[in-house]
Amino acid sequence: MDKIRLTIDGVAAEVEPGSTVLEAARSIGVRIPTLCYLKGVNEIGACRMCVVDVGGRALQAACVLPVTPNMVVKTNTAEIREARKTNLELLLSAHDKKCLSCARSQNCELQRLSKELGVEDGDRFKGVMNVYEVDELSPSIVRDNNKCIVCRRCVATCSNVQRVSVIGAVGRGFKTQIASPWGKSLSQTACINCGQCIEACPVGALRERDDTDEVWKLIADPKKHVVVQPAPAVRVAIGEEFGMPMGSRVTGKLAAALRRIGFDRVFDTDFGADLTIMEEGYELIDRVKNGGVLPMITSCSPGWIKYCETFYPEFIPNLSSCKSPHMMAGALIKTYYASNAGIDPKDIAVVSVMPCTAKKFEAKRPEMSNNGLADVDAVITTRELARMLKEAGIEFERLPDEDFDPLMGASTGAGVIFGATGGVMEAALRTAYEVITGEELDRLEFKGVRGLDGIKEDTIHMGGLDVNVAVAHSTGMAAKLLDMVKRGEKNLHFIEVMACPGGCVNGGGQPIVSADVRARVNPAQVRAAGVYGEDEGKAIRKSHDNPEIKKLYDEFLGEPNSHKAHELLHTHYEARARY
Amino acid sequence: MTDTETRQSKRAEQFARLAEVISSRKGERGALMPVLQEAQAIFGYVPQDVQVAIAQGLDVPLTEVYGVATFYSQFALEARGEHIIGMCLGTACYVRGAQKILDRLSQELDCKVGHTTKDNRFTLNATRCLGACGLAPVMMIDDEVYGRLTPEEIPGILDKYKGQKAS
Numbered sequence: 001m002d003k004i005r006l007t008i009d010g011v012a013a014e015v016e017p018g019s020t021v022l023e024a025a026r027s028i029g030v031r032i033p034t035l036c037y038l039k040g041v042n043e044i045g046a047c048r049m050c051v052v053d054v055g056g057r058a059l060q061a062a063c064v065l066p067v068t069p070n071m072v073v074k075t076n077t078a079e080i081r082e083a084r085k086t087n088l089e090l091l092l093s094a095h096d097k098k099c100l101s102c103a104r105s106q107n108c109e110l111q112r113l114s115k116e117l118g119v120e121d122g123d124r125f126k127g128v129m130n131v132y133e134v135d136e137l138s139p140s141i142v143r144d145n146n147k148c149i150v151c152r153r154c155v156a157t158c159s160n161v162q163r164v165s166v167i168g169a170v171g172r173g174f175k176t177q178i179a180s181p182w183g184k185s186l187s188q189t190a191c192i193n194c195g196q197c198i199e200a201c202p203v204g205a206l207r208e209r210d211d212t213d214e215v216w217k218l219i220a221d222p223k224k225h226v227v228v229q230p231a232p233a234v235r236v237a238i239g240e241e242f243g244m245p246m247g248s249r250v251t252g253k254l255a256a257a258l259r260r261i262g263f264d265r266v267f268d269t270d271f272g273a274d275l276t277i278m279e280e281g282y283e284l285i286d287r288v289k290n291g292g293v294l295p296m297i298t299s300c301s302p303g304w305i306k307y308c309e310t311f312y313p314e315f316i317p318n319l320s321s322c323k324s325p326h327m328m329a330g331a332l333i334k335t336y337y338a339s340n341a342g343i344d345p346k347d348i349a350v351v352s353v354m355p356c357t358a359k360k361f362e363a364k365r366p367e368m369s370n371n372g373l374a375d376v377d378a379v380i381t382t383r384e385l386a387r388m389l390k391e392a393g394i395e396f397e398r399l400p401d402e403d404f405d406p407l408m409g410a411s412t413g414a415g416v417i418f419g420a421t422g423g424v425m426e427a428a429l430r431t432a433y434e435v436i437t438g439e440e441l442d443r444l445e446f447k448g449v450r451g452l453d454g455i456k457e458d459t460i461h462m463g464g465l466d467v468n469v470a471v472a473h474s475t476g477m478a479a480k481l482l483d484m485v486k487r488g489e490k491n492l493h494f495i496e497v498m499a500c501p502g503g504c505v506n507g508g509g510q511p512i513v514s515a516d517v518r519a520r521v522n523p524a525q526v527r528a529a530g531v532y533g534e535d536e537g538k539a540i541r542k543s544h545d546n547p548e549i550k551k552l553y554d555e556f557l558g559e560p561n562s563h564k565a566h567e568l569l570h571t572h573y574e575a576r577a578r579y
Numbered sequence: 001m002t003d004t005e006t007r008q009s010k011r012a013e014q015f016a017r018l019a020e021v022i023s024s025r026k027g028e029r030g031a032l033m034p035v036l037q038e039a040q041a042i043f044g045y046v047p048q049d050v051q052v053a054i055a056q057g058l059d060v061p062l063t064e065v066y067g068v069a070t071f072y073s074q075f076a077l078e079a080r081g082e083h084i085i086g087m088c089l090g091t092a093c094y095v096r097g098a099q100k101i102l103d104r105l106s107q108e109l110d111c112k113v114g115h116t117t118k119d120n121r122f123t124l125n126a127t128r129c130l131g132a133c134g135l136a137p138v139m140m141i142d143d144e145v146y147g148r149l150t151p152e153e154i155p156g157i158l159d160k161y162k163g164q165k166a167s
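Sequence order for the protein chains is U and Y. Counting from 1, position 385 in the first sequence corresponds to residue 385 in our numbering; the numbering is continuous, with no gaps. Counting from 1, position 8 in the second sequence corresponds to residue 8 in our numbering; the numbering is continuous, with no gaps.
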């Protein structure tokens with residue numbers, strides 16, 4: 001079809017039919033302000049920040065207004081500026097405006113617009129306020145409706161992207177609030193703790209539960225030997241918190257930073273990822289050879305695990321029994337490392353730095369322990385670590401590159417790609433192929449499982465075996481895939497699921513990317529390029545070739561899926577109520 | 001049958017009727033509103049277990065059911081009494097002392113505005129203008145209108161409804 005020509009602020013624009021005025025304006029560099037708009041997720045014209053003049057009776061919301069041929073759009077008249085400013089001031093009249101103590105200060109879309117639109121007096125429409133109790137009961141997510149602007153970006157994400165639907169608009173008019181039915185805390189709902197609502201929130205109404213105080217206390221405790229491990233996805237994202245370009249790879253600086261704020265040992269969750277491949281790879285081979293339950297489904301993503309337990313409990317037998325990489329590493333730090341270093345496990349604290357809010361919930365699961373000691377004592381997100389580093393006065397971008405500590409610090413390219421959707425699958429295939437065929441792979445890249453298609457499928461020939469694999473990211477896509485499996489439309493051996501769209505690089509604990517930027521670039525894609533780049537640069541790129549993994553099996557675990565490995569590295573699941 | 005057994009069998013019968021309503025509308029676009037309305041007709045209100053049954057039955061998120069039920073004032077989330085009192089707090093009634101009448105009602109019934117008495121006999125609501133300003137202050141009990149009220153009259157009026165079922 002022909003492109004549609006229109007004029008925006010006197011400038012000619014040419015866009016595809018079906019585009020909105022907002023998209024057309026952006027294509028020629030006109031920034032129309034938005035708040036409730038989140039491209040592809042929430043396009044409902046609710047906040048009226050994006051109003052434009054198209055010559056009609058009233059101003060129109062550009063985010064939901066389709067372009068028509070020869071349309072003449074004005075985005076910057078006195079009337080429009082006044083209307084936007086009034087709308088913004090009305091929103092501010094019901095907002096608590098406690099910016100100084102807000103987790104999103106300087107990274108808040110409401111704050112930014114207030115500045116850009118020249119709001120001089122935040123109290124212009126001062127009047128009755130709704131006062132809400134802050135929901136702090138969830139181990140992962142804090143909801144503070146006193147900051148909520150009812151834009152529904154979180155609701156659309158929870159319902160449409162994740163198909164979890166535990167928050168929605170409740171009530172009517174001025175009293176409308178985003179809440180769970182009967183005012184329940186998120187912790188009493190089927191919330192999977194993925195934190196995608198936090199990534200969607202333009203303001204500070206949703207944030208991670210802050211565990212930095214607990215970590216500072218552990219570091220300050222002279223009796224505690226505090227061991228830290230960062231996840232693969234953290235190293236391609238934390239630089240953004242310090243003004244570095246999206247997806248910057250800062251692995252060496254990250255290790256240095258962790259050492260400088262006082263951790264006693266700096267290990268790497270990538271090591272845990274390599275170990276997961278060994279355990280999960282052998283579990284898969286065993287299930288295929290011995291008629292176990294198939295398709296086997298990965299268990300690295302705790303958001304996905306709770307989703308499966310709640311919405312698809314019939315697939316619990318399909319879940320790999322493997323703990324996630326940081327839990328495996330935690331269990332070994334308190335056994336293998338403790339005996340190596342001659343430290344009483346009771347004196348060791350393990351802190352995980354994760355791109356994920358669901359890991360906070362996972363670490364508190366009672367089965368994630370050994371001899372009465374939790375595998376992991378505290379979980380902080382990428383954002384929380386960045387706050388700690390800022391608090392400590394560390395100039396991150398000027399740090400030298402350092403290495404992780406030996407014993408559990410070496411990793412392979414297979415470990416680091418866990419951060420991107422399809423990465424666990426690819427890492428597993430690299431190992432499974434060589435173990436099953438006894439031959440070395442010519443090409444390590446399995447391109448069929450890479451990229452951002454919601455569901456990816458491939459068939460890999462291994463010896464005499466055709467292994468059918470599929471990868472889903474976002475729990476909404478996982479649900480779609482499992483429905484197909486249930487209907488018998490798919491004959492699969494192995495499925496990777498990550499709860500977050502794009503995988504861990506776009507996890508609920510990662511640096512917030514505004515809706516504006518998300519409309520142009522997908523952080524999942526940019527950060528994934530970072531992990532694949534790191535993989536390519538690694539000397540060793542297959543988990544079973546990791547020398548520290550070999551040493552671990554030689555000296556401690558015996559072989560993959562051994563009795564000891566099962567005791568420390570595997571777990572079980574439970575069906576959970578949906579309502 | 002004991003009282004408990006009677007209540008249980010009535011409840012089971014109500015849920016069976018709800019299940020019929022749901023299955024007759026399942027898959028229909030916009031089924032939620034009519035199902036909620038029929039549920040309210042069956043139960044008198046739409047409590048949590050009824051909303052969960054609707055969410056499961058229609059395969060819509062509970063948040064959506066609850067969102068609709070709290071958006072429209074026609075839906076009651078709590079059980080309503082046998083008699084519904086609507087005390088007018090419109091301007092005319094208010095200036096003629098409606099608040100004092102409402103306070104007296106609340107005191108006599110031992111019940112807060114917007115709630116139902118412990119014996120389930122009355123639900124006490126404050127309403128907007130009932131359109132009978134000439135009779136201010138005015139209230140309605142079910143379909144009956146009471147005008148030019150004084151606080152002293154309240155106990156006598158309420159007495160008329162004790163032991164009497166709603167029509």
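Warning: the hint list may mix true and false statements.
Stated by the list, open to error - Computed list of lysine-lysine pairs in DSSO-like fashion (alpha-carbon distance at most 27 Å, straight line):
#1 Y:Lys160 <-> U:Lys184
#2 U:Lys85 <-> U:Lys97
#3 Y:Lys118 <-> U:Lys486
#4 U:Lys115 <-> U:Lys74
#5 U:Lys184 <-> Y:Lys112
#6 Y:Lys160 <-> Y:Lys112
#7 U:Lys97 <-> U:Lys184
#8 Y:Lys112 <-> Y:Lys162
#9 U:Lys39 <-> U:Lys74
#10 U:Lys480 <-> Y:Lys26
#11 U:Lys480 <-> U:Lys490
#12 U:Lys97 <-> U:Lys223
#13 U:Lys346 <-> U:Lys223
#14 Y:Lys112 <-> U:Lys175
#15 U:Lys98 <-> U:Lys184
Unchecked claim - To be clear about the criterion: a stretch of chain U counts as covered by chain Y if any three or more of its residues have a C-beta under 8 Å from a C-beta of chain Y, and this derived list gives those stretches:
#16 163–177
#17 180–187
Claimed, not checked - Negatives, chain U to chain Y, calculated, CB over 12 Å:
#18 Glu116
#19 Val155
#20 His563
Since the hints were made in silico from the structure, they are not lab data. All figures in this text were calculated on a predicted structure; none of them were measured in a lab. Even for Gly, the Cβ is constructed at its ideal location relative to N, Cα and C.
- Could you tell me which of the hints above the structure violates, numbers in ascending order? As far as the earlier hints go, 1, 3, 12, 19 are violated by this structure, in ascending order.
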